[in-house]
Amino acid sequence: MTTYIVKRLFAMLITLWLIITLTFFLMHAVPGSPFNEERATNETVQKNLEKFYHLDKPLYVQYGLYLKSVVTFDFGPSIKKSSQTVNEMLGRGFPISFELGMITLIVAVLSGITLGVIAALRHNGIIDYLAMTIAVLGISIPNFVMATLLIQVIAVNWQILPVATWVSPKHMILPTLALATGPMAIIARLTRASMLEVLTQDYIRTAKAKGLSPVKIVFKHALRNALLPVVTVLGSLAASILTGTFVIEKIFAIPGMGKYFVESINQRDYPVIMGTTVFYSTILIMMLFLVDIAYGILDPRIKLHKKEGS
Amino acid sequence: MEKVLEVNDLHVSFKTYGGEVKAVRGVNFNLYKGETLAIVGESGCGKSVTSQSIMRLIPNPPGRITNGSILFKGKDLTKLKETQMRSIRGADISMIFQDPMTALNPTITIGEQLVEGILQHKSISRQEGKKVALEMLDLVGIPNPQERFKHHPHQFSGGMRQRIVIAMALVCKPEVLIADEPTTALDVTIQAQILDLFKDIQKKTGVSIILITHDLGVVAQVADRIAVMYAGKIVEAGSRREIFYQPQHPYTKGLLNSVPRLDLVGAELVPIGGTPPDLFSPPAGCPFTARCSYAMEVCDRAYPFKTHLSQDHHVDCWLQDERAMNRLTSVK
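Sequence lines, in order, name chains W and E.
Be aware that the first sequence starts at 1, since it is given in the UniProt record's numbering, and climbs by one per residue.
Be aware that the second sequence starts at 1, since it is given in the UniProt record's numbering, and climbs by one per residue.
Treat the hints with care, since some could be wrong.
To be verified - Derived SDA-like pairs (lysine to any residue); straight-line CA-CA distance at most 20 angstroms:
hint: 1; chain 1: E; residue 1: 150; chain 2: W; residue 2: 53
hint: 2; chain 1: E; residue 1: 73; chain 2: E; residue 2: 131
hint: 3; chain 1: E; residue 1: 150; chain 2: W; residue 2: 281
Claimed, not checked - Each pair of labels, with its calculated beta carbon distance range:
hint: 4; chain 1: E; residue 1: 241; chain 2: W; residue 2: 213; range: 24 to 32 angstroms
hint: 5; chain 1: W; residue 1: 60; chain 2: E; residue 2: 154; range: 17 to 25 angstroms
hint: 6; chain 1: W; residue 1: 213; chain 2: E; residue 2: 71; range: 46 to 54 angstroms
hint: 7; chain 1: E; residue 1: 20; chain 2: W; residue 2: 292; range: 45 to 53 angstroms
hint: 8; chain 1: E; residue 1: 188; chain 2: W; residue 2: 292; range: 40 to 48 angstroms
hint: 9; chain 1: E; residue 1: 143; chain 2: W; residue 2: 17; range: 46 to 54 angstroms
These aren't lab readings, by the way, just hints derived from the structure by calculation.
Bear in mind the structure is a predicted one, so any value in this text is a computation, not a measurement.
Even for Gly, the Cβ is constructed at its ideal location relative to N, Cα and C.
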């Protein structure tokens with residue numbers, strides 16, 4: 001197990017290095033610089049600014065300096081908002097984004113699995129059709145459309161919940177709903193399909209022949225096996241939720257990381273772009289790693305490490 | 001001898017898009033204490049459906065027991081509620097399925113799969129349950145049960161898995177054990193071991209066994225009595241000796257003839273020509289008529305009456321019925 005984790009960590013570092021290298025050169029390949037604005041700046045000021053941010057040096061030197069900043073995890077000050085460092089921005093924005101992402105993930109997973117299991121158990125019944133209609137709607141409606149709909153109906157017309165911002169649990173309901181429907185629908189459909197397949201397996205019949213109750217058969221024997229494919233998509237689903245937060249944060253005026261991420265690209269704020277990219281990539285890679293570990297725990301047939309004998 | 005199980009006029013049908021498939025059409029048999037009854041027949045003859053009906057494991061819908069009774073200790077199993085049936089499954093009547101590779105849950109340790117069955121039916125502690133399970137693993141010949149208890153199914157070979165499946169079926173000391181093709185998925189040497197295990201366990205526990213198989217070699221080794229099924233009916237039944245040495249039904253004869261023989265080198269296999277009838281609309285007469293080389297006119301018109309040849313031996317064939325002898329005109 002330990003050797004597996006060490007190996008994986010090493011591979012993760014290489015992946016991360018590839019991501020930041022690609023991002024760095026892509027970013028510099030984009031025409032323009034942080035100081036290209038409609039209003040022309042004084043040439044001396046421009047020179048001084050470039051010198052301060054090392055933008056006058058050759059690209060490979062900048063790349064070296066940049067790698068150093070990644071290793072020390074100190075991305076320096078933002079170019080556009082010079083009073084703030086990138087680390088401060090991450091420190092302020094990330095907890096909020098993380099909260100939104102995590103709540104969404106939990107809501108999506110729990111409701112998706114419940115919906116899928118119920119649909120499978122009532123296969124071809126009214127509840128099944130209802131659940132799958134909800135699921136298809138959830139997949140087809142993009143989260144920004146969902147968000148605007150929710151705001152219009154629930155917040156504006158009915159005035160039950162606040163329109164925007166991220167202050168109290170009440171404020172969290174609409175953004176979470178908007179963000180969670182898509183992943184929930186995917187999980188529900190997957191759980192249903194996989195549950196239907198598992199329920200026809202021989203070992204379910206064996207469990208029945210033992211005289212176990214239907215509840216025990218579903219929860220102990222079927223669900224665990226049915227969840228394997230769900231866990232597989234969880235990694236990429238977490239990724240889509242994380243990136244989805246950019247849009248949702250913008251719509252609901254949530255002061256998370258998404259705002260900095262989008263703004264930094266528009267303004268070519270190099271340190272912020274790199275800082276947020278590294279940060280997001282690290283989280284995503286960690287998520288995928290956790291999914292693989294979870295896989296090994298759920299299914300004993302999957303060996304994460306070589307064992308002696310069998 | 002004490003009767004453990006009595007099946008009377010059992011009918012089972014499946015509703016499909018194409019119509020109603022009458023898979024079992026009036027099956028009668030008794031099972032006595034401590035004996036092994038083999039039910040043999042080709043694929044689709046209804047032997048598995050019969051056995052699963054006893055356990056009430058026929059998926060409903062589409063399957064349904066349409067008529068008949070299954071008496072176990074005076075109770076009619078076809079009339080019990082699902083919850084009552086649940087307390088019988090695994091405790092009084094257990095079942096072993098064909099493929100040991102898929103019959104065990106791959107994500108749960110074999111120990112837990114054994115113990116959960118025990119705890120379902122007996123109010124004992126988990127520790128005591130484990131003790132019972134370990135004893136049972138030892139009985140079915142799993143070496144080092146204490147250690148193996150914690151292992152998952154994929155860590156066992158096919159033969160070992162079938163032993164575990166057998167152990168699982170026996171943990172609650174059932175009175176009836178239904179084994180549905182228990183050796184079909186195993187290779188021949190393992191088959192012999194498993195059959196020895198059945199005999200051994202029967203001697204130790206006195207369990208009555210219903211053995212479902214299409215392999216007459218298996219039957220010859222372990223069965224006390226044999227029932228031959230064809231197209232949803234038992235066409236001939238008798239003691240092992242009677243069926244193997246004095247088979248009376250042409251179908252039974254055909255089955256015995258089709259067994260490959262080692263002593264006839266170079267001889268061709270003798271199949272039974274033709275195919276079984278369509279069970280959507282089973283024929284009014286004997287379903288074997290179309291494949292039978294002794295078929296008479298009457299065979300096509302009416303299903304034969306049961307003819308008793310000895311206490312155990314009976315056959316459904318017009319050839320054994322004196323009333324048919326007067327009209328010996330061949331159809332073919």
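We went through each hint and held it up to the structure:
no., hint, result
1, E:150 x W:53, "violated, 61 angstroms"
2, E:73 x E:131, "violated, 29 angstroms"
3, E:150 x W:281, "violated, 39 angstroms"
4, E:241 x W:213: 24 to 32 angstroms, "violated, 44 angstroms"
5, W:60 x E:154: 17 to 25 angstroms, "violated, 52 angstroms"
6, W:213 x E:71: 46 to 54 angstroms, "violated, 25 angstroms"
7, E:20 x W:292: 45 to 53 angstroms, "holds, 50 angstroms"
8, E:188 x W:292: 40 to 48 angstroms, "holds, 41 angstroms"
9, E:143 x W:17: 46 to 54 angstroms, "holds, 51 angstroms"
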